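Chemist: One-letter residues, chain by chain:
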Amino acid sequence: MTPQELCDTLKTTFGDSILEIKTDAMPDPIVKVAAERMKDVALFLRDDERTLFDVLMCLSGMDYTGGKLGVVYHLHSMKWNHKIVIKVEVPAENPHVPSVESVWKTANWHEREAYDMIGVIFNGHPDLRRMLLPEDWVGHPLRKDYQVQEFYNGMKVPY
Amino acid sequence: MQETMTSPAGVPGFGRALKTEEMVLNMGPQHPSTHGVLRLEVVVDGEIVVDVVPHIGYLHRCFEKHCEHMTNYQQVIPYADRMDYVAAMSNELGYVVAAERMLKIKVPERVEYIRVIMAEFSRIVSHLIAIGTYGMDIGAFTPFLYCMRDRERVLDIFEQTCGARLLYNYMWIGGLSHDVSPDFADKVKSFCKYFRPTIKELNDLLSYNKIFIRRTANVGVLPREVALNYAVSGPVLRGSGVKWDLRKNDSYSVYDKLDFEIPIGAGKKGTVGDCWDRYMVRIHEMEQSVNIIEQAVDKLPTGDVQAALPKRIRPDAGETYARTETPKGELGYYIVSDGSATPFRIKVKSPCFVNLSALPAISRGAMIADLVAILGSIDIVLGEVDR
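One line per chain: the protein sequences are A and B, in this order.
Using our numbering, read the first sequence as starting at 1 and increasing by one per residue.
Using our numbering, read the second sequence as starting at 1001 and increasing by one per residue.
Next up, chain A with everything else stripped away, as it sits in the complex (with noise of 0.2 Å):
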């Protein structure tokens, strides 16, 4: 499928849930979607004939300042070697996206990075715990507005 048509697709099949389309994005056409339905555009985009987005390439956690927290995913298909991404916004003080972890099984990690650094919360994650940072670490250390502690354990942190 043209960018063009894989974006009118997702647009009929889920309407008002399609935030913003830009299919002049280089190199590959950008979908906003809202945030609580973000699961079943994944279900769709992974099982649709006409899409088959079969391998998350990559799943980034955002903070776009501004108190707006995001998720941006890379979808790539094998069999019509087509790609989209798609982009969900959350407000930073509730920052709840559902997790794909069901549909790709690689987003597992993914989004334990994400939450663990940007402190984006997926819903319905079956072990959404810190990937990197210790488990009794403070904070993002992603957000913008990230403040590192004073003491770790008793350790001074800024050095």
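Honestly, the hints are just simulated from the structure, not real lab data.
Errors might be hidden in some of the hints.
As the list claims (entries may be wrong) - Heads up, incomplete: computed chain A residues facing chain B, CB under 8 Å, no partners named:
hint	residue
1	D54
2	V55
3	M57
4	S60
5	V72
6	M78
7	W104
8	W109
9	M131
10	L132
11	L133
12	V138
13	P141
14	L142
Claimed, not checked - List of simulated lysine-lysine pairs, DSBU-like, C-alpha gap at most 30 Å:
hint	chain 1	residue 1	chain 2	residue 2
15	A	K83	B	K1268
16	B	K1104	A	K32
17	A	K11	A	K79
18	A	K22	B	K1248
19	B	K1268	A	K105
20	A	K79	B	K1065
21	B	K1299	B	K1243
22	A	K32	A	K22
23	B	K1065	B	K1311
24	A	K39	B	K1065
25	B	K1243	B	K1210
26	B	K1106	A	K22
27	A	K11	A	K32
28	A	K144	A	K68
29	A	K105	A	K83
30	A	K105	B	K1243
31	A	K68	B	K1210
32	B	K1268	A	K79
33	B	K1268	B	K1193
34	B	K1299	B	K1106
35	A	K83	B	K1104
None of the values given here were measured: they were computed from a predicted structure.
Beta carbons are placed, not taken as given, at the ideal position from N, Cα and C, and that holds for glycine.
We have chain A already, so just place chain B on it with the hints.
Modeler: Here is chain B on its own, set in the frame of chain A:
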């Protein structure tokens, strides 16, 4: 950490309490077979692995946070070197491809060819280490020495080109830090001539060794569907019989002008997607890399390698996701720019991180000794897993 092991819920991430006959075994963080600082919590029932819970992050160096605090895009490159430190050239290539796509820079042909040669050399180096240490994991010490001997020759070529043997800062956005020396082509050709027979030597010594086959064939089978669902890439994906290589399927640089094959696992000694298949894909890839290097050196055009260096690196606001085929698999850089000279966000999709996440899925039901064989066949570098 200690009390979590005996907590009523069992091991965090295991999903249920331990049964009476089960016990938790800690492998790592300091363990010779974990290829770095990786800790595996292994739930075992006798000798049989019930589940594996990897704990990573011991080598986390805040790569992504550092990128946001650089003064410019160029300064990211030395950090990119230090992710997969046994194949630093490939990391650089991935980053400069992404950055040049954002800046819409077209680099001279000579630069592209030199980059391809360096990236393929780094593939050979990385696979040599993967193969050598894999043999050592399983109990064969000699192949490791053979691999290191050949690796030295490649490092000599790197050293002659840019002065560094391990971490190069060689590929710059829009060009290279140095042109190659006048006798570069001869050196490269003599290496290729030397290296082909040593692959056969390695095959005789390790690949077709009866004990080695018994340890790796039919062990840690990763079926095609599971591989795709876990989005594994590189030799791990190809070992499962998927003909997928970004150099051909999503071509970048000048790979479309070079002729090479994509080796895949065929289950020659056991089942498709077992450890031996993954191992053998690496051997065949080294042969293909030699082919690529020979072609690239013959086609190497003349020109100035710094002709396209930008005066100021300030991409327009926007984003790009660029992926390249490193020795470990698909390395992706997701770069977001807000129009300033500093990256707004750089996210690295690390192939080792993703490949390691499939480890629990393929180790359940294996023997403890096989767990070492499975981990080695995935070929991870913790510098890249943890970033």
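Chemist: Hint by hint, note whether the structure agrees.
Modeler: Each hint tested on the structure:
no., hint, verdict
1, D54, "holds (5 Å)"
2, V55, "holds (5 Å)"
3, M57, "holds (6 Å)"
4, S60, "holds (4 Å)"
5, V72, "holds (7 Å)"
6, M78, "holds (7 Å)"
7, W104, "holds (6 Å)"
8, W109, "holds (4 Å)"
9, M131, "holds (7 Å)"
10, L132, "holds (4 Å)"
11, L133, "holds (6 Å)"
12, V138, "violated (15 Å)"
13, P141, "holds (6 Å)"
14, L142, "holds (6 Å)"
15, K83(A) <-> K1268(B), "violated (34 Å)"
16, K1104(B) <-> K32(A), "holds (25 Å)"
17, K11(A) <-> K79(A), "holds (22 Å)"
18, K22(A) <-> K1248(B), "holds (28 Å)"
19, K1268(B) <-> K105(A), "holds (28 Å)"
20, K79(A) <-> K1065(B), "violated (35 Å)"
21, K1299(B) <-> K1243(B), "holds (27 Å)"
22, K32(A) <-> K22(A), "holds (9 Å)"
23, K1065(B) <-> K1311(B), "holds (25 Å)"
24, K39(A) <-> K1065(B), "holds (29 Å)"
25, K1243(B) <-> K1210(B), "holds (28 Å)"
26, K1106(B) <-> K22(A), "holds (25 Å)"
27, K11(A) <-> K32(A), "holds (11 Å)"
28, K144(A) <-> K68(A), "holds (11 Å)"
29, K105(A) <-> K83(A), "holds (19 Å)"
30, K105(A) <-> K1243(B), "holds (21 Å)"
31, K68(A) <-> K1210(B), "violated (58 Å)"
32, K1268(B) <-> K79(A), "holds (26 Å)"
33, K1268(B) <-> K1193(B), "holds (28 Å)"
34, K1299(B) <-> K1106(B), "holds (19 Å)"
35, K83(A) <-> K1104(B), "holds (20 Å)"
Violation of the numbered hints given earlier is confined to hints 12, 15, 20 and 31; the remaining hints are satisfied by the structure.
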